[in-house]
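Protein chains: 2
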Amino acid sequence: MRKVEVCFSPELIQLHELEDKIVVVVDIFRATSTMVAAVANGVKEILPFPDLESCREMQQKGFLIGGERNGLTAPGFEMGNSPVAYLKGEHAGRSLAMTTTNGTQAIEKSKQASQILIGAFANLQATVSYIQSQTEDVLIHCAGWKGHFNLEDSIYAGALAKALEATHLAEDDGAIAMKALFETVGHDLKGFLSQASHAKRLQNHGIEHDIDFCLSYDLYDLVVKVNAEGFLVKV
Amino acid sequence: MRKVEVCFSPELIQLHELEDKIVVVVDIFRATSTMVAAVANGVKEILPFPDLESCREMQQKGFLIGGERNGLTAPGFEMGNSPVAYLKGEHAGRSLAMTTTNGTQAIEKSKQASQILIGAFANLQATVSYIQSQTEDVLIHCAGWKGHFNLEDSIYAGALAKALEATHLAEDDGAIAMKALFETVGHDLKGFLSQASHAKRLQNHGIEHDIDFCLSYDLYDLVVKVNAEGFLVKV
Numbered sequence: 702m703r704k705v706e707v708c709f710s711p712e713l714i715q716l717h718e719l720e721d722k723i724v725v726v727v728d729i730f731r732a733t734s735t736m737v738a739a740v741a742n743g744v745k746e747i748l749p750f751p752d753l754e755s756c757r758e759m760q761q762k763g764f765l766i767g768g769e770r771n772g773l774t775a776p777g778f779e780m781g782n783s784p785v786a787y788l789k790g791e792h793a794g795r796s797l798a799m800t801t802t803n804g805t806q807a808i809e810k811s812k813q814a815s816q817i818l819i820g821a822f823a824n825l826q827a828t829v830s831y832i833q834s835q836t837e838d839v840l841i842h843c844a845g846w847k848g849h850f851n852l853e854d855s856i857y858a859g860a861l862a863k864a865l866e867a868t869h870l871a872e873d874d875g876a877i878a879m880k881a882l883f884e885t886v887g888h889d890l891k892g893f894l895s896q897a898s899h900a901k902r903l904q905n906h907g908i909e910h911d912i913d914f915c916l917s918y919d920l921y922d923l924v925v926k927v928n929a930e931g932f933l934v935k936v
Numbered sequence: 702m703r704k705v706e707v708c709f710s711p712e713l714i715q716l717h718e719l720e721d722k723i724v725v726v727v728d729i730f731r732a733t734s735t736m737v738a739a740v741a742n743g744v745k746e747i748l749p750f751p752d753l754e755s756c757r758e759m760q761q762k763g764f765l766i767g768g769e770r771n772g773l774t775a776p777g778f779e780m781g782n783s784p785v786a787y788l789k790g791e792h793a794g795r796s797l798a799m800t801t802t803n804g805t806q807a808i809e810k811s812k813q814a815s816q817i818l819i820g821a822f823a824n825l826q827a828t829v830s831y832i833q834s835q836t837e838d839v840l841i842h843c844a845g846w847k848g849h850f851n852l853e854d855s856i857y858a859g860a861l862a863k864a865l866e867a868t869h870l871a872e873d874d875g876a877i878a879m880k881a882l883f884e885t886v887g888h889d890l891k892g893f894l895s896q897a898s899h900a901k902r903l904q905n906h907g908i909e910h911d912i913d914f915c916l917s918y919d920l921y922d923l924v925v926k927v928n929a930e931g932f933l934v935k936v
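So the sequences go chain by chain: P and B. FYI, the numbering for the first sequence is 702 to 936, going by the numbering used here. FYI, the numbering for the second sequence is 702 to 936, going by the numbering used here.
If you're looking for bench data, these hints aren't it; they were derived computationally from the structure. Wrong hints could be hidden among the right ones.
Same chains, same names: a pair is fine if it fits in one copy or spans any two.
Unchecked claim - Straight-line Cα separation of at most 27 Å, BS3-like style, residue types lysine-lysine; simulated pairs:
id, residue 1, residue 2
1, K704, K901
2, K935, K762
3, K812, K745
4, K789, K926
5, K935, K745
6, K891, K863
7, K812, K847
Work the whole structure out from these sequences, hints included.
Put into structure tokens, the structure is as follows:
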């Protein structure tokens with residue numbers, strides 16, 4: 702049986718072996734949910750950046766630029782970090798440069814993996830099917846919040862570990878714990894996650910629609926992967 | 702209402718404010734369970750050491766020395782890290798110097814706290830009562846396993862957060878997650894934790910009695926605290 706393990710924070714990723722693994726990066730509120738929404742709605746490719754400045758420079762090269770810090774659109778950026786901004790397909794065909802507080806850093810720190818996938822509830826089942834068609838073990842890399850464990854990324858890890866249970870053994874204590882927690886609270890994701898510290902932060906920003914989107918299962922039959930040039934594209 | 706938060710690994714403790722908090726250090730398998738067992742059975746005081754060598758030097762000063770690495774008694778040490786070795790009271794009145802793979806490091810990294818307590822299932826309710834008599838917020842510092850999240854320390858964190866719910870709000874996502882998980886699996890701690898990676902490691906060492914002891918609730922009406930000189934003593 703293949704294996705699935707969970708890392709709860711980019712600050713702990715150095716404890717894990719990434720080589721020969723599929724790493725699924727997840728930042729439910731909102732980076733990876735937004736990435737999946739953008740690609741599903743026609744954005745051609747996404748190039749992630751750890752910092753605002755190098756992201757901003759991509760505007761001159763014709764990129765749409767999306768940037769967020771602490772939940773707010775960064776000054777001078779066209780797009781923030783809202784998945785619903787992509788749903789009308791207005792940005793179809795564009796290349797997007799993107800930087801966020803937690804999610805893009807987690808992608809950067811996953812570079813040694815054999816494959817990097819972008820995870821969201823919106824494409825959970827498609828990601829499961831893709832992983833099951835591959836041979837590698839899986840590591841779920843939760844972006845967390847400024848290094849801290851967070852509830853929404855961890856529950857996604859539990860959902861993915863649960864959905865993979867026919868083929869992948871929960872290998873470490875993180876996967877075991879989150880699979881058990883998801884089995885208990887997965888039927889009321891929104892109710893449970895309304896307690897989460899980051900959901901509260903987002904509620905203060907008045908983006909209820911974003912939260913609803915980020916917690917919706919299987920909106921898209923789509924897998925998003927980091928290609929050899931570092932672009933996030935449809936598989 | 703006061704607050705309770707959880708740190709899952711000494712590798713993440715720098716993300717937390719410790720000042721003005723009660724930090725409860727927990728290493729269920731087996732350091733803090735052993736410390737509580739030792740003090741409950743008459744050991745006068747315990748001085749924790751991060752390394753084997755400085756611990757070993759304490760033997761010349763009349764200390765009983767206990768040392769473990771990777772679950773095994775360290776060479777030349779009188780005691781390993783087994784709580785049941787203290788249950789007959791044979792070491793009553795002695796001072797113990799002790800070093801373990803994870804637990805003693807977590808104590809060392811908690812030094813900025815206003816108070817440091819030593820947590821175990823064996824003295825859970827006594828620790829709850831003591832905390833409720835104090836004014837500070839609480840941080841539960843899980844020793845983990847070589848930096849990784851582990852199931853047994855995290856479930857203890859959930860048990861403590863649950864037992865404190867009348868007085869302390871689950872402040873961060875770690876406390877919320879583990880409280881919810883404990884509510885689900887707390888009635889069968891041993892069954893659930895038999896999946897845990899470290900429990901499996903310990904089973905390989907043939908120490909079933911230790912595991913039973915470490916997962917038993919409220920054997921002692923005793924609070925263990927680090928005093929101003931760095932010794933672990935009965936409150």
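Tell me, which hint numbers fail for this structure? none
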